[in-house]
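Chemist: The residues making up each chain are set out below.
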Amino acid sequence: MSIISTTARGHSTLTDLTLQDFFDLFNYQFFQYALIGGILIVICCSWIGLILILRKQSMLTDGVAHSVFGGIALGLFTGIDPLWTSLTTAIATISGVSYLRRKGIAQSDSAIAVMMALGFSLGLILISLAGGFNVELFSYLFGSILTISKHDLWAVGILVVIIVMFMVLFHKGILSMTFDEEDARLLGLPVPLLSGIFNILVAVTIVISIKVIGIILVTAFMVLPGLTSMQLNLSYRRTVIISVVIGIISVITGLFVSAFFDVATSGIIVFVMGSFFIITTIFKKLGERT
Amino acid sequence: MNGGDQLMVSNKCQNDPSKCTCGGNCTGHQGPATEPMLEEVVIEAENLNIELSRSVVISEASFKVHKGDYVGIVGPNGGGKTTLLKAILGIIPISSGQIKLFGQPLSSFKKWNRIAYLSQSAINYDEQFPLSVQELVSLGRINGVKMVGPLDKKDQEVIRRTMEFMGITDLAKRRIGQLSGGQKQRVILAKALVREPALLVLDEPVSGVDSTTLERFYKILSDLNIKKGITILIVSHDLAAVFCRMSKLMCVNKKVRTSDIGTNIDPSTILKETYGDHFNFVYHKHDCKGAFNSD
Chain A
645 MSIISTTARG
655 HSTLTDLTLQ
665 DFFDLFNYQF
675 FQYALIGGIL
685 IVICCSWIGL
695 ILILRKQSML
705 TDGVAHSVFG
715 GIALGLFTGI
725 DPLWTSLTTA
735 IATISGVSYL
745 RRKGIAQSDS
755 AIAVMMALGF
765 SLGLILISLA
775 GGFNVELFSY
785 LFGSILTISK
795 HDLWAVGILV
805 VIIVMFMVLF
815 HKGILSMTFD
825 EEDARLLGLP
835 VPLLSGIFNI
845 LVAVTIVISI
855 KVIGIILVTA
865 FMVLPGLTSM
875 QLNLSYRRTV
885 IISVVIGIIS
895 VITGLFVSAF
905 FDVATSGIIV
915 FVMGSFFIIT
925 TIFKKLGERT
Chain B
2 MNGGDQLMVS
12 NKCQNDPSKC
22 TCGGNCTGHQ
32 GPATEPMLEE
42 VVIEAENLNI
52 ELSRSVVISE
62 ASFKVHKGDY
72 VGIVGPNGGG
82 KTTLLKAILG
92 IIPISSGQIK
102 LFGQPLSSFK
112 KWNRIAYLSQ
122 SAINYDEQFP
132 LSVQELVSLG
142 RINGVKMVGP
152 LDKKDQEVIR
162 RTMEFMGITD
172 LAKRRIGQLS
182 GGQKQRVILA
192 KALVREPALL
202 VLDEPVSGVD
212 STTLERFYKI
222 LSDLNIKKGI
232 TILIVSHDLA
242 AVFCRMSKLM
252 CVNKKVRTSD
262 IGTNIDPSTI
272 LKETYGDHFN
282 FVYHKHDCKG
292 AFNSD
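Just so you know, the protein sequences line up as chains A and B, in that order. Using the numbering used here, the letters of the first sequence correspond one by one to residues 645 to 934. Using the numbering used here, the letters of the second sequence correspond one by one to residues 2 to 296.
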């Protein structure tokens, strides 16, 4: 969706655009909501995603996001708010992956594949039972950042507060558990509790992010900022900060570029994130050679 | 390996017990374990059986480790060494028997801060992990109580002293992915030591490093054992180091057999029982000084 066309400003080419147009965008409530919502979401995704990368579970995001497709379809099919059905599916997927891994039934990647396949197939079955592809379901696949409502903003705002509080208060425990789980247990840390809360936060973050960027791109939001900042070889604190900053810059850039170039917003945000990653990796490699 | 395979062990003591006075170059062991008054039992296993995936890994093991012991755990690959350590630490369940830590049954043992464990994977950590040396070592100081909020002055002091003892103070700000093999070992060991443990458990911590680094690492462990009185259990395939440095030998291959080192007890029998009859153990008549002359 193009912001320029949405606002019907009548500009047909980029050369018509002025600095005033840039500032005018801030007058539109939907743009304000998109900007605030996108920034809040990316703060959650970058931070949670960094820990998932360090736990070697980045593909868990993809698995959960795809299985949530089944949850959303279930919600639309039964008339229950898809938020709750997708959240339930996300938590069930993470718990299932964790169980399969812990019991030695399947490695992490295989366990994710199993749960993803089950969730996605559930979605397909329900769609066929419903008699066709639902337009609303399509919006979950690709997200709709420009349609964020005040209600969505509240949900994201509360999520950010909870995640920031948890990650700041328990960052030592989370780091210890992530670095060496066995040692963390021996240190007397409540690893199952910490891990359980973290998994729930992962599930909630993914479900809420899907509304903004869609199932297809949620993995990029979770992985790219963290992976980019890790290339810089910084301390944990700085890695988190840089990761969040990269995410925020990508969202802001993506929103404006999508407004002026008439391209898909979530697509351009992820493209900016990907560019950050490629540029950082090239500079890192060049630095290693010299 | 076929008949006639030889595991070479350099230890003057084994061939000439009279040399085992633990002075001069007879390294064997010189720590608190030789002092009879220190008899506090740190680990006690009784009729221990461990099964994994329905196959017996450890069978009817009974042994004691006393305060100040420096125990070298040896045995063939797949013999159950790591499993035994993990069972002692409560990481994997036992099938039957009993384990006591510091006199407390494992099930009711709470003072985990008295124990530090270095797993095989701990040293081979992810080099991309975004932590500085200072941040990593500090992680060893936290526990269930200190998980929230900053570390206090005492914690900071312990971290500072430990880093100094391990010779890694100048690495404090370096990323853990930028360390050499020897530096990694010392950093990970420092993380374990900042909790001021009474028992240090190490699972093959010396693979893939050069002999100088190896020597320095064993020297640090000996200092920890002798000067700080820390009881040490270490899984190692380096029989020469075990015989030169440690006070007790624990052979693990489903069965667990123990023997003192530096006495006139010949460990050949239990080594053969552990590794198989087709192994010959050759003891060189020279001091351990050659390999470990940093003492």
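These are computed hints drawn from the structure, not numbers from a lab. Computed from a prediction, not measured in an experiment: that's the story for all the values here. Cβ coordinates follow ideal geometry from the N, Cα and C atoms, glycine included. Possibly wrong hints are sitting among the right ones.
What the hints assert, rightly or not - Pair ranges (Cβ atoms, derived):
1. A/Asp906 <-> B/Arg175: 46 to 56 Å
2. A/Lys747 <-> B/Gly104: 42 to 52 Å
3. A/Glu826 <-> B/Lys174: 46 to 56 Å
4. B/Gly79 <-> A/Gly840: 47 to 57 Å
5. A/Lys700 <-> B/Ile93: 18 to 28 Å
6. B/Lys155 <-> A/Phe670: 47 to 57 Å
7. B/Asp127 <-> A/Ile885: 12 to 22 Å
8. B/Gly277 <-> A/Glu826: 49 to 59 Å
9. A/Ile885 <-> B/Pro77: 16 to 26 Å
10. A/Leu768 <-> B/Glu47: 34 to 44 Å
11. B/Lys174 <-> A/Ile841: 30 to 40 Å
12. A/Ser765 <-> B/Thr170: 48 to 58 Å
13. B/Val146 <-> A/Val889: 29 to 39 Å
14. A/Glu932 <-> B/Asn125: 17 to 27 Å
Chemist: Given a hint of 46 to 56 Å, does the C-beta separation of A/Glu826 and B/Lys174 actually sit inside it?
Modeler: Given a distance of about 27 Å, which is not inside 46 to 56 Å, the answer is violated.
Chemist: Could you say whether the range 47 to 57 Å given as a hint is met by the Cβ separation of B/Lys155 and A/Phe670?
Modeler: Given range 47 to 57 Å: holds, Cβ gap about 52 Å.
Chemist: Indicate whether the distance between the beta carbons of A/Ser765 and B/Thr170 respects the range 48 to 58 Å.
Modeler: Check passed, 57 Å falls within 48 to 58 Å.
Chemist: Do A/Glu932 and B/Asn125 keep their Cβ atoms within the hinted range of 17 to 27 Å?
Modeler: Holds - the Cβ-Cβ distance for A/Glu932 and B/Asn125, about 22 Å, lies within 17 to 27 Å.
Chemist: Quick check on a hinted range of 12 to 22 Å for B/Asp127 and A/Ile885, using CB atoms only.
Modeler: holds (20 Å)
Chemist: If you check the beta carbons of A/Leu768 and B/Glu47, does the distance land in 34 to 44 Å?
Modeler: violated (57 Å)
Chemist: Range hint 18 to 28 Å: satisfied by the CB atoms of A/Lys700 and B/Ile93?
Modeler: At 21 Å between Cβs, range holds.
Chemist: May I ask you to test the hint 29 to 39 Å on the CB atoms belonging to B/Val146 and A/Val889?
Modeler: Check passed, 33 Å falls within 29 to 39 Å.
Chemist: Is 46 to 56 Å a correct range for the gap between the Cβ atoms of A/Asp906 and B/Arg175?
Modeler: For B/Arg175 against A/Asp906, whose Cβ atoms are near 48 Å apart, the range 46 to 56 Å holds.
Chemist: Does the beta carbon distance between A/Lys747 and B/Gly104 stay inside 42 to 52 Å, or does it fall outside?
Modeler: violated (34 Å)
Chemist: For B/Gly277 and A/Glu826, compare the CB-CB distance with the range 49 to 59 Å and indicate the outcome.
Modeler: violated (31 Å)
Chemist: Do the beta carbons of B/Lys174 and A/Ile841 sit within 30 to 40 Å of each other?
Modeler: holds (31 Å)
Of the numbered hints stated above, those contradicted by the structure are hints 2, 3, 4, 8, 9, 10, listed in ascending order.
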